[in-house]
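Number of protein chains: 6
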Amino acid sequence: MKEKIALLVGRFQPFHKGHLHAVMYILERHSYLYIGVGSALESHTKRNPFTFSERLEMIRLALEEAGISRDLYYIIPIPDSKYHGTWVSLVKILIPKFDIVYTNDPLTRILMYESGYNVEHIPYFHREIYTGEEFRNRVVTNREWREIVPNAVYNYIMKNKLYTRIIQLWKTDKVR
Amino acid sequence: MKEKIALLVGRFQPFHKGHLHAVMYILERHSYLYIGVGSALESHTKRNPFTFSERLEMIRLALEEAGISRDLYYIIPIPDSKYHGTWVSLVKILIPKFDIVYTNDPLTRILMYESGYNVEHIPYFHREIYTGEEFRNRVVTNREWREIVPNAVYNYIMKNKLYTRIIQLWKTDKVR
Amino acid sequence: MKEKIALLVGRFQPFHKGHLHAVMYILERHSYLYIGVGSALESHTKRNPFTFSERLEMIRLALEEAGISRDLYYIIPIPDSKYHGTWVSLVKILIPKFDIVYTNDPLTRILMYESGYNVEHIPYFHREIYTGEEFRNRVVTNREWREIVPNAVYNYIMKNKLYTRIIQLWKTDKVR
Amino acid sequence: MKEKIALLVGRFQPFHKGHLHAVMYILERHSYLYIGVGSALESHTKRNPFTFSERLEMIRLALEEAGISRDLYYIIPIPDSKYHGTWVSLVKILIPKFDIVYTNDPLTRILMYESGYNVEHIPYFHREIYTGEEFRNRVVTNREWREIVPNAVYNYIMKNKLYTRIIQLWKTDKVR
Amino acid sequence: MKEKIALLVGRFQPFHKGHLHAVMYILERHSYLYIGVGSALESHTKRNPFTFSERLEMIRLALEEAGISRDLYYIIPIPDSKYHGTWVSLVKILIPKFDIVYTNDPLTRILMYESGYNVEHIPYFHREIYTGEEFRNRVVTNREWREIVPNAVYNYIMKNKLYTRIIQLWKTDKVR
Amino acid sequence: MKEKIALLVGRFQPFHKGHLHAVMYILERHSYLYIGVGSALESHTKRNPFTFSERLEMIRLALEEAGISRDLYYIIPIPDSKYHGTWVSLVKILIPKFDIVYTNDPLTRILMYESGYNVEHIPYFHREIYTGEEFRNRVVTNREWREIVPNAVYNYIMKNKLYTRIIQLWKTDKVR
Numbered sequence: 000m001k002e003k004i005a006l007l008v009g010r011f012q013p014f015h016k017g018h019l020h021a022v023m024y025i026l027e028r029h030s031y032l033y034i035g036v037g038s039a040l041e042s043h044t045k046r047n048p049f050t051f052s053e054r055l056e057m058i059r060l061a062l063e064e065a066g067i068s069r070d071l072y073y074i075i076p077i078p079d080s081k082y083h084g085t086w087v088s089l090v091k092i093l094i095p096k097f098d099i100v101y102t103n104d105p106l107t108r109i110l111m112y113e114s115g116y117n118v119e120h121i122p123y124f125h126r127e128i129y130t131g132e133e134f135r136n137r138v139v140t141n142r143e144w145r146e147i148v149p150n151a152v153y154n155y156i157m158k159n160k161l162y163t164r165i166i167q168l169w170k171t172d173k174v175r
Numbered sequence: 000m001k002e003k004i005a006l007l008v009g010r011f012q013p014f015h016k017g018h019l020h021a022v023m024y025i026l027e028r029h030s031y032l033y034i035g036v037g038s039a040l041e042s043h044t045k046r047n048p049f050t051f052s053e054r055l056e057m058i059r060l061a062l063e064e065a066g067i068s069r070d071l072y073y074i075i076p077i078p079d080s081k082y083h084g085t086w087v088s089l090v091k092i093l094i095p096k097f098d099i100v101y102t103n104d105p106l107t108r109i110l111m112y113e114s115g116y117n118v119e120h121i122p123y124f125h126r127e128i129y130t131g132e133e134f135r136n137r138v139v140t141n142r143e144w145r146e147i148v149p150n151a152v153y154n155y156i157m158k159n160k161l162y163t164r165i166i167q168l169w170k171t172d173k174v175r
Numbered sequence: 000m001k002e003k004i005a006l007l008v009g010r011f012q013p014f015h016k017g018h019l020h021a022v023m024y025i026l027e028r029h030s031y032l033y034i035g036v037g038s039a040l041e042s043h044t045k046r047n048p049f050t051f052s053e054r055l056e057m058i059r060l061a062l063e064e065a066g067i068s069r070d071l072y073y074i075i076p077i078p079d080s081k082y083h084g085t086w087v088s089l090v091k092i093l094i095p096k097f098d099i100v101y102t103n104d105p106l107t108r109i110l111m112y113e114s115g116y117n118v119e120h121i122p123y124f125h126r127e128i129y130t131g132e133e134f135r136n137r138v139v140t141n142r143e144w145r146e147i148v149p150n151a152v153y154n155y156i157m158k159n160k161l162y163t164r165i166i167q168l169w170k171t172d173k174v175r
Numbered sequence: 000m001k002e003k004i005a006l007l008v009g010r011f012q013p014f015h016k017g018h019l020h021a022v023m024y025i026l027e028r029h030s031y032l033y034i035g036v037g038s039a040l041e042s043h044t045k046r047n048p049f050t051f052s053e054r055l056e057m058i059r060l061a062l063e064e065a066g067i068s069r070d071l072y073y074i075i076p077i078p079d080s081k082y083h084g085t086w087v088s089l090v091k092i093l094i095p096k097f098d099i100v101y102t103n104d105p106l107t108r109i110l111m112y113e114s115g116y117n118v119e120h121i122p123y124f125h126r127e128i129y130t131g132e133e134f135r136n137r138v139v140t141n142r143e144w145r146e147i148v149p150n151a152v153y154n155y156i157m158k159n160k161l162y163t164r165i166i167q168l169w170k171t172d173k174v175r
Numbered sequence: 000m001k002e003k004i005a006l007l008v009g010r011f012q013p014f015h016k017g018h019l020h021a022v023m024y025i026l027e028r029h030s031y032l033y034i035g036v037g038s039a040l041e042s043h044t045k046r047n048p049f050t051f052s053e054r055l056e057m058i059r060l061a062l063e064e065a066g067i068s069r070d071l072y073y074i075i076p077i078p079d080s081k082y083h084g085t086w087v088s089l090v091k092i093l094i095p096k097f098d099i100v101y102t103n104d105p106l107t108r109i110l111m112y113e114s115g116y117n118v119e120h121i122p123y124f125h126r127e128i129y130t131g132e133e134f135r136n137r138v139v140t141n142r143e144w145r146e147i148v149p150n151a152v153y154n155y156i157m158k159n160k161l162y163t164r165i166i167q168l169w170k171t172d173k174v175r
Numbered sequence: 000m001k002e003k004i005a006l007l008v009g010r011f012q013p014f015h016k017g018h019l020h021a022v023m024y025i026l027e028r029h030s031y032l033y034i035g036v037g038s039a040l041e042s043h044t045k046r047n048p049f050t051f052s053e054r055l056e057m058i059r060l061a062l063e064e065a066g067i068s069r070d071l072y073y074i075i076p077i078p079d080s081k082y083h084g085t086w087v088s089l090v091k092i093l094i095p096k097f098d099i100v101y102t103n104d105p106l107t108r109i110l111m112y113e114s115g116y117n118v119e120h121i122p123y124f125h126r127e128i129y130t131g132e133e134f135r136n137r138v139v140t141n142r143e144w145r146e147i148v149p150n151a152v153y154n155y156i157m158k159n160k161l162y163t164r165i166i167q168l169w170k171t172d173k174v175r
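Chains as they are written, first to last, in numbering that gives the first Met the number 0: chain S, 0 to 175; chain F, 0 to 175; chain V, 0 to 175; chain U, 0 to 175; chain P, 0 to 175; chain G, 0 to 175.
So here's chain S without its partners, still in its complex pose (with noise of 0.2 Å):
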């Protein structure tokens, strides 16, 4: 197993301890991991608020805070495709090689494995508190949030002030 290499799919809306502990689980098994960030071109909606732009930084400060190596993953923007039957051939033109898929999404989980790839669960990790919509709620209920995500993702968040874009999307009555 060692030798493979993996692919990690999520939104990462925003990156969580949970992601992190997952980037970790999977590097301890594997030498190479691509991170594929999930619909990479939505934005400013209740469920996605962060752009990739945000995420891929994100992602790297806080896998740079916990002492994962470069040399060890790569982040790769994947934009949702029109029909989910085309949604695999996307990842294709995207992703290099990999020999395995970690997630837990229940429609990736389909696609992937009705297109031969071996597909693996994620075990979850405290996912009471370590989710992206815990995250979003407690934001925009004004609870405290700090402790869903790592240190780096925190200080992006405050430093930029993303939370009030979330504050405000809230108040939309906008279906997406």
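Each hint can be trusted.
No distinction is drawn between identical chains; accordingly, a pair holds when it is met within one copy or between any pair of copies.
Here are the simulated EDC-like pairs of lysine to aspartate or glutamate, each with C-alpha atoms no more than 20 Å apart in a straight line:
no., residue 1, residue 2
1, K170, E127
2, K158, E113
3, K170, E113
4, K96, E56
Because the hints were derived from the structure by calculation, they are not lab data.
Chain S is already provided as a structure; the job is to place chains F, V, U, P and G on it using the hints.
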């Protein structure tokens, strides 16, 4: 009426006994039937689990089983248009000349009616049982669903284990 | 302020008395007004029943009825962008130079603000009555809706029987 | 004829004296004119250097200069449709009811004709000089182009230095 | 080989004697044939004058005329994908399971080959005459084109006066 | 200047010695470089034969071979925008904050300049040899192309037999 060409529009997720009843009802009244499969490129969603190619095979098997001649109908995919206001023109690109439209979907009815087509309702046939929604709900909750679809459709779904896809998709929190 | 050019963004489904009030409020403060009609290519949905061409006619009739000179405003359609992050650049392609943006929609406010524009709230005018949502709810439940819109809009909707489209669309279970 | 509403379709890259002549020709024959600006969201290409907002301003300035009342016409952008077969329905979404179409573009003529519209040719007015292509060629080769466009258009292009964009774009080897 | 299912990919603008020859060649070797009609939603361009619905009718009439049973083939539209890298997955959404692909188009060959499919050439049949390009050139220059297509196709084009569309389209300077 | 962050935009089909020269030129002047890979989702065309994942691997191998530290640059895909007028905002979604843009493409230069960016030319480095066009022409005509690209790129193309794709694509008459 008998010499007129009819168009039946539906998503057929999957083709159930209500659909079969509709086909027979229309073919009693008209000489030829185009079956337009809507949202044709959608798949792997809660509302649209099956691909067009799967739906095409299921419909053909079910109509063959029912003894309906291939000389009487043709099945054509209709992708969703980007805007509702252009949908009818997309139908015209894909479906040869037809005289009358059968559908119970309110949106399809309005769009076709505003474009000058004759639009007819299809008499419901035990609609408390024979709907795609009821099928999908039963599959997900592990209840008997065999009675909802023609035997040929049941066998196709079982042989290709397509029920597992529906069960998996149910776990996602994706909006689509 | 008086010499500045303003942009008012809305969907105007339909143009109601709250919108008319907003136009008059802005024209008291600025020399010229661009009225940007959002989701311009959407139509035949619950939230967006009217086409742009219908909305254009309703707005022009209502402003003429209110005695507002055509030398003071121009109405321009703005299609939805694929991604929120590109929406402001789409606005720039379509709307000539403007100095200040009026909108109460949180998403529009954030996008314009992050692009460096001055963004102003519009004082609400009896918002418990004058909203597109209230209009559409009343039409669907067959309650009096005439008081919500300017007379010219009422007459346009009645003459073209556009209320029937709204009532029909309400029966659909489509997400959009 | 006089009471009919006409639609003039063009790209107006830029609005030249041939276009002005066409507008006057049509307004002698009909009571109202919609000016549909095609490829409305295209810009910064060799064939389509100007944005819609720039084209809108140039057309309005030229018609004002020519003394044509704003009560007689309205300018509306028409984005390209994805497929030619859906273009006419996109026009219907955007342009209020019209009775007759004026255009010399063969494709527009066929599409409108096949949809049942009356389509008329516009008599050419010194077509050896007054075309968008001639304008763009002269700008790029640094020859006199002032005579091709109305004075108001000339002044607009000079004031905003838009000729530099055309000259720059000519250097690209992009297909679009 | 005989029991294998084949896919023939082409644009069929229009279906000519070379195509008919290919269908017969393939059906001598395989038990069933899917005819995938590429660029299915394109129409009204120089290279793609006919809509899918017109092409569908022409192909069915020609195969009926040639005495080829409807039990041996099925015709399915394939829209262009946005990116070449996702085209094969679009084919999989639309066409039921096939074992071998027949096409002479270099791009289709590469895409299918890189996705692991068996790809076969079709022996050319008087390619100096039987091509869509030759057909369109002759129509436009008013030369005899009847010999290029099956009689059924000739009659369809004459009856619906579709040659006029090709002649008109030739006058456009549109790139597409 | 030294502390500024630069963006280099190109298609890198493939990454040749001219590109390598540009990267070194920029890194002498600035502290960090984002390499934006344009037309990122295009592949399998004459002008864009390689996928993004292939281009990513080639660039990383070439820069590693040249001894350029991974701490100095990051490679990010930029899909084409639907309209040129929205391209810069797509770049902003994907690329973190940058101060200066390096490109010789006229269109990119205009779009960035009109959005207020500093744009710099890259001094050409033996442009008669080191271009993607020259590379592709030599591959197709079976002439020596090894000298055009860094060794690492040569090895990657040979190992994966990617030259065959270019040769095959040259046979197509497709416009794209």
